[in-house]
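One line per chain: the protein sequences are A and B, in this order.
All letters in the first sequence, in the order written, are residues 13 to 372 by my numbering.
All letters in the second sequence, in the order written, are residues 15 to 403 by my numbering.
Warning: the hint list may mix true and false statements.
[Said to hold, decoys possible] Examples of chain B residues lying across from chain A (beta carbon under 10 Å, computed):
(1) Trp63
(2) Ala184
(3) Lys345
(4) Val349
(5) Gly351
(6) Ser355
(7) Ala357
(8) Phe371
[Unchecked claim] Simulated DEER-style distance windows between Cβ atoms:
(9) B:Arg353 x A:Arg366: 44 to 50 Å
(10) A:Ala350 x B:Ala108: 18 to 24 Å
(11) B:Ser49 x A:Ala76: 26 to 32 Å
(12) B:Ala260 x A:Asp294: 47 to 53 Å
Calculated from the structure, these hints are not laboratory results.
Note that CB positions come from ideal geometry on N, CA and C, so glycine has one too.
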Amino acid sequence: MPDAPLRIAVIGCGAVARRYYAPALRALECEGVLHVRALCDPDVRGTAELCAIFPAATVAQDAAAIAAPAIDLAIVASPPRCHAEQTIAALRAGVAVLCEKPMATTVADGEAMVSAARDTGRVLAVGFYRRFLPAAQAIGELLRSGRLGALRRFHCAEGGDFRWPARSPDFFRRGAGGGVLADVGVHTLDLLGWWLGEPEHVDYEDDAMGGVEANCRIHLTYPDGVIGEVRLSRDTVQPNRYVFECADGWLRWHVHDADRVELGLGDVDAGFRAQIHRVARDGSHPALGAPRGGFEESFVAQIRNVVDAAGGRAPLVVSAADGLASLRAIDACRSRRALMSMPWLGGTELARARQLGGVA
Amino acid sequence: MIRVAVIGANGFIGSRAVEMLHLEGLADVRPVVRSVSRLARAARFDLDWRVADARDRAALAAALTGCDVVVHAVAGDRDTILGTLSPLYEAAQAAGVRRLVYLSSAAVHGQDPDPGTDERSALSARQPLPYNALKVRAERALLDLRERGDVEVVIVRPGVVYGPRSRWTAAFADDLLAGVAYLVDGGAGICNGVYVDNLVRAIHLAFAPPAADKEAFLVGDAEQYTWADLYRPIAAALGVDLDAVASVAYEEQRVDWWDHFQAARQTSAARSVLSLFPMRLRAAAYAAVDAWRANGRAAPDRWGAPAARAPRATREMALLQRCRYKLPSAKAARVLGYRPSVAFDEACRRSVGWLEFVGYPIRTSSGDDRRRDCAPAGAALREAAGERS
């Protein structure tokens, strides 16, 4: 007998819920995997769009109303400063949680969330959907397997003019998860941790001058001599690509290509732009199978994994421990913080910028 | 300290105004942006930023409460240029703001002004480019509002504003990297440029003098320089010989449908439709139209031999780069006490510094890419240029 559809609550009905979670939940609802039963947002007007997609869902303003047995899994997609409180309350009410990134605004909050999941025995997953992108999975496999030789260096540059339809000014508030590092960098740091492990040393600089950074740069050094740079921006157009240079080849990934990578082999003057498919058989020969899917499928896969994990049918792909590791990586950056060089500032400005930025 | 609201605080000039006025301690700055998502640059500082659309009188009045001066630094299409004046003026009046400083443009005199042109020269709404006429209409509308209202109006007319985040600086670098840069007549025309810091200096000086009310001020750099002078440091920084950049001879052209097409791109409706397409596709669409126009027929079959075709200057660039007259800043000097604080050479150095900050492949004097481990430099930036949306 098939499992009954999991009963879902969406806590926080802003842009990420509308743009990404709603279509994925709708797809899984059509498959009979889950059923969206509750929508929760302090601003009830914000739930209107989701109500139209999930007309059977009840609407609540207070996340405290989310509890078992009416709800099995809560998707916490509220502003980051709300994540810890809402997640812990849901876990204690017997509800599994998929918490959007960043998992929390502090490491201490992240640790409390991990403890709550352990104490309650409920599943706590973190929304790093990029781990479900076929390209990210292929890069991880290629780098970890060493098929391109030892990694020597990498460069990741991501961002541009900020266009996310944010409703909450928390994206721009200190201590509320604001700034490009916690918003976008948390994805990059998660992927790098997943692909490469922990760096040996981190240097970090940004352009916050009393507020939150719009630009930052991270230099990472790994035990085997690998060096890398991450450049993030909400201000200026970046190439939006990751490049990995190995002893026997290279990889480039455009972050908006869910299922494509570029690669080259050794000194061969031929590069390949590859779309990622499953591998099939053509008689006795290998052949391309179905494409591995794009962004939408990755969100679907993420939720499906959490549903399966909540039902005890599969291990979590992105655990609370992974979410906590990304918070620690952000902390490691901030502990080494320096002011970015901004060569257009005059002398008086630079002195004031250093003062406001809290750096020597 | 004087409290100043900057409307359009996320824009190129607005963001530098916020940054410079705040970091130099010249004003208590209140950045105002049209939506939460436009806060990225202003939120680098711990400032009392506000969200208010420049067409929303009530929201603007609330945002301007307690401010002495408001700076209108909103850029945009025709609807934005003309549609934000009355709401902002009335909001400023309701909030008790003393003075409005409006960022107009030296383009009200045309891109190629006659020798002797200054602020006393008659303005015409019949202009070679629609933007110029819109700015003329905007100035007149604001002065009409001033006649009926209490909020003082000062109009600042900068020329080509370059520097960090300027399209003039970034676009030329992008074009160089993409191999499509050009100069008109070798770039020998006079560039009526103003480094963004010098403009912000003028804006600041416009806050106080009583005699500045109802007046317009041309603002430029101290030095006279050509377009080649402006572009050479950027080319050098990217390792490109400016002398090898294509030089396009200027030919007088009638205003034809191409220019109307360019003007139509500036309407909000067209922009909203075009914005749905990735930049590369838009660029391809424009290139196809350009090719069709140049050849008088459809673009050649891709299997055919490519037709050699020289780059074609936009009408704006053609007019700008044939300029033979440096607009004066004498009135700004006399009434506002304006003195450009950043010399041209230093302005160019800072502009190149910003390109490096962004990630452009700036080269050292030895010819090496200065970045430590950015292998895919040029290609990545070309890609970035194509992805701008």
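Taking the hints in turn, this is what the structure says about them:
1. Trp63: holds, 8 Å
2. Ala184: holds, 8 Å
3. Lys345: Hint on B:Lys345: violated, closest Cβ of chain A at ~25 Å, above 10 Å.
4. Val349: With Cβ-Cβ at 24 Å, over 10 Å, it is violated.
5. Gly351: At about 18 Å, which exceeds the 10 Å cut-off, the nearest Cβ of chain A leaves the hint on B:Gly351 violated.
6. Ser355: Holds, because the Cβ-Cβ distance from B:Ser355 to chain A comes to roughly 8 Å (cut-off 10 Å).
7. Ala357: Hint violated; B:Ala357 Cβ to chain A Cβ min 12 Å, cut 10 Å.
8. Phe371: holds, 6 Å
9. B:Arg353 x A:Arg366: 44 to 50 Å: violated, 27 Å
10. A:Ala350 x B:Ala108: 18 to 24 Å: violated, 45 Å
11. B:Ser49 x A:Ala76: 26 to 32 Å: holds, 31 Å
12. B:Ala260 x A:Asp294: 47 to 53 Å: For B:Ala260 and A:Asp294 the Cβ distance comes to about 51 Å; the hint holds.
Checked against the numbered hints above, the structure breaks hints 3, 4, 5, 7, 9, 10 and satisfies the rest.
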